[in-house]
Structure formats: C-alpha cells, structure tokens
Amino acid sequence: MIRPAHRFPLLSRLLHWTMAVLVLAMLFIGIGMVSTVSSRYAQLVAIHKSIGIVILVLVAIRLINRLLNPPPPLPADLPWWQVVAAKASHWVLYLLMFALPLVGWAMLSAAGAPIVVFGAVHLPPILPHDVAMFAVLRAAHTVLALLLFATFLAHLGAALFHALIRRDEVLPSMV
Amino acid sequence: MPDDETDHAAPDGGTPDTATLLKRNPLQLIAIGVVLAATAGAFAYTGGFLTPQRLSPNHFVDAMQTAAGGPHEGFRRAHAKGICVAGHFVGTLQGRALSSAAVFASGQPVSVSGRLAESAPDPFAKDSSEAVRSMALRLQPAGAPEWRMAINDTPGLHVSTPQAFYDNVVASTPDPATGKPDPAKMQAFLAQHPETVAFLARMKARVLASGFATDSYNSVDGFIFVAPNGARRLVRWTMQAEEPFATLPAAERAAKPANYMFDDLLARVAKGPIKWRMIATLAQPGDPNRAAEVWPANRTHVDMGELTIDHVESEATGNCQDINFDPLTLPPGVAPSDDPIPFARSAVYSVSFRRRTEEAKAPSAVANKSAGARS
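Chains C and W supply the protein sequences, listed in that same order.
Numbering follows the working numbering, in which position 83 of the first sequence is assigned residue number 72; successive positions increment by one, without gaps.
Numbering follows the working numbering, in which position 80 of the second sequence is assigned residue number 268; successive positions increment by one, without gaps.
Any given hint could be a false lead.
Unchecked claim - To give an idea of the interface, some chain W residues facing chain C are shown, with a C-beta separation under 7 Å as derived from the structure:
#1 Thr234
#2 Gly235
#3 Leu238
#4 Pro240
#5 Ser244
#6 Pro528
#7 Ala532
#8 Ala535
#9 Thr545
It should be emphasised that the hints constitute simulated quantities derived from the structure, not laboratory data.
Bear in mind that the values here come from a model prediction, so they are computed numbers and not experimental data.
Built from N, CA and C at the ideal position, the CB exists for glycine as well.
Make a model of the complete structure from these sequences and hints.
Written out as structure tokens, the structure reads:
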C-alpha cells in the first residue's frame, strides 16, 4: 500500500471508523426494528436510542476536531467534479449525522414519549407534546435515514474507487 | 469545460482520466458494484423488503384496517372509541416488596391519567355491542420514570403469539363478495388454535359488567416484577373494580342510547371518584406465560395498591388522545417477560400512532364533555 504523504490525525481516524461502525449499525437497527414484531423489538429500539445519542455527541466532537485539524488535501489530479462530489457528500454526511439524532430526539419529545438511553438515563424533551409535529418529524426521520444510507453507499463506492481503481492516497490517509 | 483541463489521460505517467481508469479496471469495477449491491441488499433484507411474508407491524395494521372495512382516519386502529380519565394511585407495602417501581415506593398518591375505551375499530360504534373494554393508564410518579399499561376486561387474550393474532385478523376479515367473514376460514383457524376455542368459551361464560366503572381489567400479558432486593417474579395483574358488580341483560343493553357507557361513566364520576384495587397474581414455576392460557385459581394474589379515577373528559388535543399507551413503557422494577405479545403490541401501537397522527381527526363520539374535579 502507498505510504500516504498526508494522513488524517489519529483522533480523526478513530472518530471516523468508530462512527462508521455506529452509523452503519444504526441504519440497520433502525430499518430492522420498524419491520419486526418479534421479541427483539424492544431491545432494538432501546439500542437505537442509545447509539443515537452517542452519535450526536461524537459528531459534535468530530466537527470541532475537523475545524481544528483540517483533512489532508484531495489528490491534486482529481477531476473537478469528483472534488465537488467529495466535498458535498462529506458535508451531507455531517449534516445528516447531526440531523438524525436530533430529529429522533425531537420526534419522541413531540410524541410525549419518555426518552430513555443506556437503560436508565432519561433525557428531557426538546419539544412540547404535539402529535402533528411528531407526524412531520417521524416522516422526516425515515426520509433522512434513507438519504444517509444512500450517501453512505456513495461514500463507500468512492472509497473503493480510490483504493482499487485510482490507487491513490485517499484510503491510506484514513487507515 | 473545466474537466477538459483535469480529466485528460496524463502523458507523463500521472493518473489517466476517469473513463480510461474504469476501462482498464473492469474486475475492480465489478467488485465495487458487488459490494454496493450486497450492502444495499442486506439493508433491504433487514427492512423486510425481500421477504414480504415476514410479519411486520405495518402488515398488522394493514390487516386490521382491512378487517375493519378501511381506516377510521385520525383514530386508533383498535379501541377507537374512548374517553380520557385522570386520578391517582397509591401503592401498598406489599406492592413495594414485590416491585421497586416508583409508583409503589412512597405510599404517596401518584398522578394518573389514562383512557377507557371499547375495542371496536369503529370510533362511532354503538355501546350495546359486546366489545371488549379496555383501560389504558399512565402512572407518573414525581421525578421518576412513568409506567404505561393497556389492559383489557377479558379473561386473557384469544391468542398467544403475534402470528396467531395476525392469522385471526385475516380469518375474521369480511369477504368482499359477501361482506361477511368466510366461516370456513375461521373454522380452519380455530382447528389450529384450541387456545382460542377455550378463550371463546370463557368469554361466552362471563357475565358482562354493566359499564366501565363496574368492570375489572386484566394485564392480559405476563410481566416481571423486580423487587428491591433484585428478586424477579412473573406476574399478571388486575385492576379490580371496588364498585359493586352489576350487569345488564342483553335486551336492556340493546335499548340503550349509542353512548350510554360513556354517559354512565360521566354521570358516575360527577357523583364521586371510582376506585379499583390493583391485584397482582404471582406465577408458580411451570405456569404458562402465554396470554391465551389462564393460571390456576389458587395462585397467590398481592394487593399492590388502589387506583382512583376522579375526572373524566372527552378526547381532545394534548390529552389521552395524543398518547401512545405502549405497554413496554415500563419503569425500573417492572420488566418485559418472555410473553411475545407485548413486543408485538409495542411495535404495532407505534405504527397505529404514526398513522393516526398523520391524519385529520373528526371529533370523538363523546365530545366536549367532562365530569369530576381534577384532584
């Protein structure tokens, strides 16, 4: 493998791979839990809420880290449209990693449901009890989650394109 | 075009343009396609999109809506006709020994709100039917997690598994040609489900209480009470009416006005609070934790506390109308058991809640009424 001249700092790489696992797990748990009536349902919902709040905290740390430690430059010979796609998709990923946990928290608040994470920690509602608002946020949660999954697929495809076809420094800079 | 600048094959051995790269690496391109397709496929599989036969909460609610002749928009998909109630609960010392739930901890009154309802999916059904009656409650101790329950006046449930519940709904769905359920389908279901036959016999044998106040409500499902010392007991419970039992002959019931049970409740609460005792039944090892099976009558009963309802009001924005009485909203000290039904109820209630909150709702059958002073 190419030894990258520019590598992401260790904290950036740790945050990236930890969140990669959590976000992917979250997407699968989310789509799985809303489609089951089995005894796994309650456990999945509980885990979903807990991971959601962990992601919210991690993405805040990650944004600060990114501003303090800017990512290494993209390959200089990358076509302009791939540069645009790379930058735009990263900001979409950041936006969705903030939006999904916040919409999830807000929608449970609007439903008047208790918000319990890690089995015992009760989070306060961030919106008043309003089921019309719940309906909007609940629909938004699904749409945003599907958008996140689509953006994740594009991100994965682009990473593999850099690693297997361009064989440039992009993937080595993150491992 | 800017990419004319950057996208050329590099003559000096740098990276060629993207189209050339893709042409030179067909196997890598296929490999990437396979990885992406497999990931998307796994996601679709997890969401049940590749296995339409797998039971999902959406299937349940669809089937229930079809059986009801279509959705009643804005209303609960089951137990659609109801009224909001409020009051308090006071736990006992014995209750405290059995469960560390905050509602039993202090012996002080705990704020309660809830809903009394009829099980029919039609929110304007006449009260004269023999519909199941239900009591849904939120017990909200100050500064501690709340407890929601949704309990019925039936001797257990007619089925013990989510699949059987679904199959029963499908078997009871009216045939579009005749407008009536196909008796052969129900016969076939009953032949497979002796527990349902036994349940129907118990239902036939019971004497129907005259109304909400004289009725008693059972947890139907088994739950685990966790004692302060960590001991876990499988229990069911009943909200047992303190009101003297009364019944109404079928003929008298049929002659009553459409909303008589709700009118009676309003009139009764106007005269004073109604009370129920919460009685837990402790399972013995080997007792079936299946909702359609009853436990032997000699099991130990524990008086957990007293429920007082002193206020009744019509459904409206912000009150019980807008609450999902999810039976798995449990406080520390109460836990789900291996009874599979509450998990399915939780999942299905969530879909019902989601659908009705997206719809415009007409006023409830019993609208703009209230009785009793709020305590």
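Evaluated hints:
Among the interface hints, the one on Thr234 (chain W) holds; its C-beta lies about 4 Å from the nearest C-beta in chain C, closer than the 7 Å criterion. Because the smallest distance between the Cβ of Gly235 (chain W) and any Cβ of chain C comes to about 4 Å, under 7 Å, the interface hint for this residue holds. The beta carbon of Leu238 (chain W) comes no nearer than 11 Å to any beta carbon in chain C, farther than 7 Å, and the hint placing it at the interface is violated. Taking 7 Å as the C-beta cut-off, the interface hint given for Pro240 (chain W) is violated, the closest approach to chain C being about 11 Å.
With a least beta-carbon distance of about 5 Å to chain C, the hint placing Ser244 (chain W) at the interface is held under the 7 Å criterion. Given hint, Pro528 (chain W) at the interface with chain C, holds; its Cβ is 5 Å from that chain's nearest Cβ, closer than 7 Å. The interface hint given for Ala532 (chain W) is met, as the beta carbon of that residue sits about 4 Å from the closest beta carbon of chain C, less than 7 Å. Hint status for Ala535 (chain W): holds, given a least beta-carbon distance of 5 Å to chain C, under 7 Å.
Look at Thr545 (chain W): its Cβ gets to within about 4 Å of chain C, closer than 7 Å, so that hint holds up.
In summary, the structure is inconsistent with hints 3 and 4 from the numbered list given earlier, while agreeing with the others.
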